[in-house]
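S.K.: So you can see what is in the structure, the chains are spelled out below.
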Amino acid sequence: MQYKILTVKANELRELESADKWEVQLRKGCLELAILAALWGGKLYGLEILRRLESDSDLIVSEGTVYPLLSRLKALGLVRSEWVESDAGHPRKYYALTPAGKKRALEMAGIWTRFSSSMDQLLAPLGKGK
Amino acid sequence: MTTAGNAQQRIDDYLNRLRGGLRGLRPEEIREIAEELRSHILDKAATDGEVTAAGVDAALAALGTPEELASQYVTDAMLARAEVSRSPVGILKSLFRWGSLSVAGFFVLLVSVIGYGTGISFFLVALLKPFHPDTAGLWIWRNGGDITYSVRLGFGPVPAGARELLGWTIVPIGFSVGFGLVMLTTHFALWCVRQYRRSRALPRG
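From first to last, the protein sequence lines are chains L and V. Sequential numbering of the first sequence, starting at 1, is according to the numbering used here. Sequential numbering of the second sequence, starting at 1, is according to the numbering used here.
If you are wondering where the hints come from, they were derived from the structure by calculation, not from laboratory data. Keep in mind that this is a model prediction, so the values were computed, not measured. Cβ coordinates follow ideal geometry from the N, Cα and C atoms, glycine included. Check each hint, because a few of them may be wrong.
[Claimed, not checked] Per the computed footprint, the stretches of chain L lying under chain V, defined by three or more beta-carbons under 8 Å from a beta-carbon of chain V, are:
#	segment
1	34-43
2	107-114
3	121-128
[As the list claims (entries may be wrong)] Taking lysine-lysine pairs in the DSS-like style, the calculated list, with each CA pair at most 30 Å apart, reads:
#	chain 1	residue 1	chain 2	residue 2
4	V	Lys93	L	Lys74
5	L	Lys93	V	Lys44
6	L	Lys102	V	Lys44
7	V	Lys93	L	Lys43
8	V	Lys93	L	Lys128
9	L	Lys43	V	Lys44
10	L	Lys102	L	Lys28
Extracted from the complex, chain L is given alone in its bound form (with noise of 0.2 Å):
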């Protein structure tokens, strides 16, 4: 019996980290359309943009994930970066959206409405089956 119990449990933590990885790559695929979203109302720097993400979604990053990445979309050339000097007394690096990070925004905002309001219809059922 003792040993049911056990398999059961085990077989719930599994379905359990299943849940977590899918909501975890859910969440990578989502990063980096957040952080163009995240600077389409102006020119933000780092931790701006890390904080934006946590008050406007329920993306909570890693800073450490946040900068090589806006290294890499300014090298993309999607980005692009000015230091300013600020009342801290230290200069910060503040990122602005190219006209090609706006485009592939739009794109990429163009492909997430489509993509969620169609699984919306196919998840409607589940919703009343609560």
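For this one, chain L is given, so just place chain V on it according to the hints.
M.R.: Leaving out everything else, chain V in the frame of chain L:
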């Protein structure tokens, strides 16, 4: 904003270790990365205008170890260069860097070197066939019990008993197969690079 002496020392130590891991990037890139992270740490660690050692420790912990962070910067820079370059030379340079960092990178490098090598061989044999009409081409011969196929550029003698398979049709076939293999290898390498990049974006929580 004021910064406690030991807090400043902790930031400098972290950034020195980070710079050590960023070797391979351009000096101005390394300088810019270090200055951006210094700015981030000072902003994150400041409480009521003062940067404390405890605040700096928390900010550094949130960034992860300098070695891990440097590795992510280097890999991301290498991947971005590969995506932007799209030329076999640019892609191979990035793959050499990736191959030195991970087994997956080494595998992709190996497949790409074989793909580009074979593609370029076909391309060259098509190009050299008019200059070496009797020796350049796709050859087949028996080596003991084994059958050996070889794309020969036409330099040196043909092995005894070897027979040419395609004749002058190697010219259009060589150009087509060579071009196709180079394109296919480029797509394969860029696809692997994109998959790897996606797998490295690590959201917290």
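S.K.: Mind taking a look at whether chain V covers the segment 121-128 of chain L? Criterion is 3 or more residues with CB to CB distance under 8 Å.
M.R.: It is violated, with 0 qualifying residues against the three required.
S.K.: Lys93 (chain V) and Lys74 (chain L): Cα distance at most 30 Å?
M.R.: 20 Å, holds
S.K.: Holds or violated: Lys102 (chain L) with Lys44 (chain V), Cα cutoff 30 Å?
M.R.: OK: Lys102 (chain L) and Lys44 (chain V) at ~29 Å, within 30 Å.
S.K.: Please check whether the segment 34-43 of chain L has three or more residues whose CB lies within less than 8 Å of a CB on chain V.
M.R.: violated (count 0)
S.K.: Does Lys44 (chain V) sit within 30 Å of Lys93 (chain L), going by the straight-line distance between their CA atoms?
M.R.: Holds. Lys93 (chain L) to Lys44 (chain V) sits at ~14 Å (cutoff 30 Å).
S.K.: Taken at face value, is the distance from the CA of Lys43 (chain L) to the CA of Lys93 (chain V) at most 30 Å?
M.R.: Not OK: Lys93 (chain V) and Lys43 (chain L) at ~33 Å, beyond 30 Å, violated.
S.K.: Under 8 Å between beta-carbons, do enough residues of the segment 107-114 of chain L, three at least, approach chain V for the coverage claim to hold?
M.R.: Not satisfied, violated; 0 residues make the cut.
S.K.: Take the C-alpha atoms of Lys43 (chain L) and Lys44 (chain V), compute the straight-line distance between them, and say whether it is at most 30 Å.
M.R.: Given that 30 Å is the threshold and the Cα spacing comes to 19 Å, the pair holds.
S.K.: Just to be careful, I want the Cα atoms of Lys93 (chain V) and Lys128 (chain L) compared with a cutoff of 30 Å; is the pair within it?
M.R.: 54 Å, violated
S.K.: Does Lys28 (chain L) sit within 30 Å of Lys102 (chain L), going by the straight-line distance between their CA atoms?
M.R.: 20 Å, holds
Checked against the numbered hints listed earlier, the structure breaks hints 1, 2, 3, 7 and 8; every other hint is satisfied.
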